[in-house]
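Given chain A, work out where chain B should sit, using these hints.
Single-letter residue listing:
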Amino acid sequence: MRAKLTQKLGFFLLFFCIAATLLCLGSIIYFIASRGIKVISWEFLTQGPRMSMTQGGVAPAIVGTLYLTLGAIIFALPLGLACAIYLCEYSPKGFVVNIIRISINNLAGVPSVVFGLFGLAVFVKFFGFGVSILSGSLALGILALPLIISSAQEALLAIPQSIREASLSLGATRWETIKNIVLPTALPGILTGVILSIGRVAGETAPILFTAAAFYLRGYPKSIFSEVMALPYHIYALMTEGTHPDKQTAIAYGCSLILLAMVLFISATAIFIRQKQKGAHV
Amino acid sequence: MSNRIKVKAEDVNFFYAKTQALKDINLDILEKQVTAIIGPSGCGKSTFIRLLNRMDELVPNTSLTGKIFLDGEDILESKIDVVDIRKQVGMVFQKPNPFPKTIFENISYGIKVNGIRDKEFICQKVEESLKKAALWNEVRDRLCDSALKLSGGQQQRLCIARSLAVETQVILFDEPCASLDPISTAKIEELILELKKEYTIVIVTHNMQQAARVSDHTAFFLMGELIEVGKTQDIFTKPKDPRTEAYITGRFG
Chain A
54 MRAKLTQKLG
64 FFLLFFCIAA
74 TLLCLGSIIY
84 FIASRGIKVI
94 SWEFLTQGPR
104 MSMTQGGVAP
114 AIVGTLYLTL
124 GAIIFALPLG
134 LACAIYLCEY
144 SPKGFVVNII
154 RISINNLAGV
164 PSVVFGLFGL
174 AVFVKFFGFG
184 VSILSGSLAL
194 GILALPLIIS
204 SAQEALLAIP
214 QSIREASLSL
224 GATRWETIKN
234 IVLPTALPGI
244 LTGVILSIGR
254 VAGETAPILF
264 TAAAFYLRGY
274 PKSIFSEVMA
284 LPYHIYALMT
294 EGTHPDKQTA
304 IAYGCSLILL
314 AMVLFISATA
324 IFIRQKQKGA
334 HV
Chain B
4 MSNRIKVKAE
14 DVNFFYAKTQ
24 ALKDINLDIL
34 EKQVTAIIGP
44 SGCGKSTFIR
54 LLNRMDELVP
64 NTSLTGKIFL
74 DGEDILESKI
84 DVVDIRKQVG
94 MVFQKPNPFP
104 KTIFENISYG
114 IKVNGIRDKE
124 FICQKVEESL
134 KKAALWNEVR
144 DRLCDSALKL
154 SGGQQQRLCI
164 ARSLAVETQV
174 ILFDEPCASL
184 DPISTAKIEE
194 LILELKKEYT
204 IVIVTHNMQQ
214 AARVSDHTAF
224 FLMGELIEVG
234 KTQDIFTKPK
244 DPRTEAYITG
254 RFG
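Those sequence lines, one after another, are chains A and B. Heads up: the first sequence is residues 54 to 335, going by the working numbering. Heads up: the second sequence is residues 4 to 256, going by the working numbering.
Possibly wrong hints are sitting among the right ones.
[To be verified] Derived DSS-like pairs: lysine-lysine, alpha-carbon spacing no greater than 27 angstroms straight-line:
1) A:K232 <-> B:K122
2) B:K190 <-> B:K122
3) B:K200 <-> B:K128
4) B:K104 <-> A:K329
5) A:K232 <-> B:K152
6) A:K232 <-> B:K128
7) B:K152 <-> A:K146
8) B:K134 <-> B:K104
9) B:K82 <-> B:K134
10) A:K232 <-> A:K329
11) B:K115 <-> A:K146
12) B:K98 <-> A:K146
13) B:K134 <-> B:K115
14) A:K329 <-> B:K152
15) B:K82 <-> A:K232
16) A:K329 <-> B:K199
17) B:K26 <-> B:K200
18) B:K104 <-> B:K82
19) A:K232 <-> B:K190
20) B:K199 <-> B:K98
21) B:K200 <-> A:K232
22) B:K190 <-> B:K104
23) B:K128 <-> B:K82
24) A:K232 <-> B:K104
25) B:K134 <-> B:K199
Treat the hints as calculated values from the structure; they're not laboratory data. Please read these numbers as outputs of a predicted model, since none were measured by experiment.
Same shape as in the complex, but just chain A:
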């Protein structure tokens, strides 16, 4: 009897924790959506800000965030994947590799504003990219790197050694084995990492603060060396600067809703692709 009661209590507690988590998530979405939906219109999505950001839309910020996120992934995915492959498939196991692993995990713990300062010092000043999409993407990319590396590593380690052996025993080289067998099998797991980092990157403000983001721009960026507006920074600007806080706050909620929807949409697409990949071979 006693054991059953304990079990019931245990399950109830677990259920309670899940419910509390979902409640948090649900209330955030409700809060943002109910306030943000009021300002959302076709004009809001397709036009630039007017009248010192109290009217018009936020299209340049949406476009800017898309560019920055895309840039960060273009930079971080191949680099991170290559690191993960090297660490899992090629490097001899030992002291040095452990140090590299620990360093990568530590990189994940670095506060994002540090990446911002680093980006300012290295990309903006040293390489002379200026405050630009390129600098911002690189700073965001470094932020995403540890996420991508560790999730890709997990995905690679989850693949049974016996499949690698099967491929090698057929006379495939290690590289052929990685390219044809290991990577395709690990793809769903790798995509998960990409999804996570997209969510993270799209919403980051600190790394682009000094490297890419502009307070206000007329029109769209012209090249990767242009400054951009970005949604997270735009929200920050609306809430802290300007002369019409009442109107700006409403727009900030609109921006938050768009940012949330964008991240959810990207995640959903990636999850869809992942399921399709998985489904093909189960």
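Below, chain B without anything else, positioned relative to chain A:
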């Protein structure tokens, strides 16, 4: 029966770090015959056959002395390309390990990594390999299905077909029936008897009846040593070494 030696192990010693896993192994494996390797767990039988296609290289911290000849050529020499060895010496593993790809791709993979792109040839070879592995009739209508949908026994025959598709001459079976039911096991054994007409076969097995049923020669390993080797019939009816007798009569192991 041919008496040509296909694979020859000469004074082979093998170490995992400082632990000696194989001690002075000398063994001849005859062409187009089935050689069974029996012995209790941890006696070095799997370690030994993994040397024959250089799969030992995948494990770090090991060392190896001695010589292993394939058709008279020492495959342990550094100038030898392991990829070439593995094309000639295929391997079927303990658990079926098909690639998470389609049935067709599982077979064509080995042909493609060997640089053949001719589609017609590949299709022909896939069919031929599946027929040789006695799987063609079961999968001919669903070559584009995932290999993971097959049953365990079918998957194992697929893995056999996969190694037949490359220009294999020797096939190493590492306890191929350990995870299969008796009917699937019977099919694999039947297949082994069929395959020995064309291929040299080495099979590691825990199942003594299996060794007796399929093999021409049997080698008994114990604690990393080769205790006795001979015609299967002789090993099972009049073993020379008391340890062999003890093992095959089930007194230990």
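These are the hints, each one checked on the structure:
1. In summary, the hint linking A:K232 to B:K122 is supported, as the alpha carbons are separated by about 21 angstroms, within the 27 angstroms threshold.
2. Note on B:K190 and B:K122: the hinted pairing is violated, with a Cα-Cα distance of about 30 angstroms set against a maximum of 27 angstroms.
3. Distance check on the hinted pair: B:K200 and B:K128 sit about 18 angstroms apart at the alpha-carbon level, within 27 angstroms; holds.
4. A threshold of 27 angstroms between alpha carbons decides the hint, and for B:K104 with A:K329 the separation of about 14 angstroms falls inside it, so the pair holds.
5. Restraint check for A:K232 and B:K152: satisfied, since their Cα atoms lie roughly 23 angstroms apart, inside the 27 angstroms limit.
6. This hinted pair checks out: A:K232 and B:K128 have alpha carbons roughly 23 angstroms apart, not beyond 27 angstroms.
7. Of the pairs offered as hints, the one joining B:K152 and A:K146 is violated, with about 35 angstroms between alpha carbons and a cut-off of 27 angstroms exceeded.
8. For a cut-off of 27 angstroms, the pair hint linking B:K134 to B:K104 stands: about 20 angstroms separates their Cα positions.
9. The suggested pairing of B:K82 with B:K134 is violated, with an alpha-carbon distance near 36 angstroms, which exceeds 27 angstroms.
10. For the hint pairing A:K232 with A:K329, the CA-to-CA distance comes to about 20 angstroms; that is within 27 angstroms, so the pair holds.
11. Among the hinted pairs, B:K115 with A:K146 is inconsistent with the structure: their alpha-carbon atoms are about 31 angstroms apart, more than 27 angstroms.
12. Distance restraint check for B:K98 and A:K146: the Cα-Cα separation of roughly 26 angstroms lies within the 27 angstroms cut-off, and the hinted pair is therefore satisfied.
13. A threshold of 27 angstroms between alpha carbons decides the hint, and for B:K134 with B:K115 the separation of about 19 angstroms falls inside it, so the pair holds.
14. Among the hinted pairs, A:K329 with B:K152 is consistent with the structure: their alpha-carbon atoms are about 16 angstroms apart, no more than 27 angstroms.
15. With a C-alpha separation of about 25 angstroms, the suggested pairing of B:K82 with A:K232 holds against the 27 angstroms cut-off.
16. For a cut-off of 27 angstroms, the pair hint linking A:K329 to B:K199 is broken: about 42 angstroms separates their Cα positions.
17. Distance hint between B:K26 and B:K200 is unfulfilled; the C-alpha atoms sit about 32 angstroms from each other, more than 27 angstroms.
18. For the suggested pair B:K104 and B:K82, the alpha carbons sit about 34 angstroms apart, so the restraint of at most 27 angstroms is broken.
19. Restraint check for A:K232 and B:K190: the C-alpha separation of about 34 angstroms exceeds 27 angstroms, so the hint is violated.
20. With a C-alpha separation of about 22 angstroms, the suggested pair B:K199 and B:K98 falls inside the 27 angstroms cut-off, and the hint holds.
21. Pair hint B:K200 plus A:K232 does not hold up; C-alpha atoms about 35 angstroms apart against a cutoff of 27 angstroms.
22. The hinted pair formed by B:K190 and B:K104 meets the criterion: a straight-line CA distance of about 24 angstroms does not exceed 27 angstroms.
23. Pair hint B:K128 plus B:K82 does not hold up; C-alpha atoms about 31 angstroms apart against a cutoff of 27 angstroms.
24. Restraint check for A:K232 and B:K104: satisfied, since their Cα atoms lie roughly 14 angstroms apart, inside the 27 angstroms limit.
25. Taking the CA atoms of B:K134 and B:K199, the gap is near 15 angstroms; set against the 27 angstroms cutoff, the hint holds.
The structure is inconsistent with the numbered hints 2, 7, 9, 11, 16, 17, 18, 19, 21 and 23, although it conforms to all the rest.
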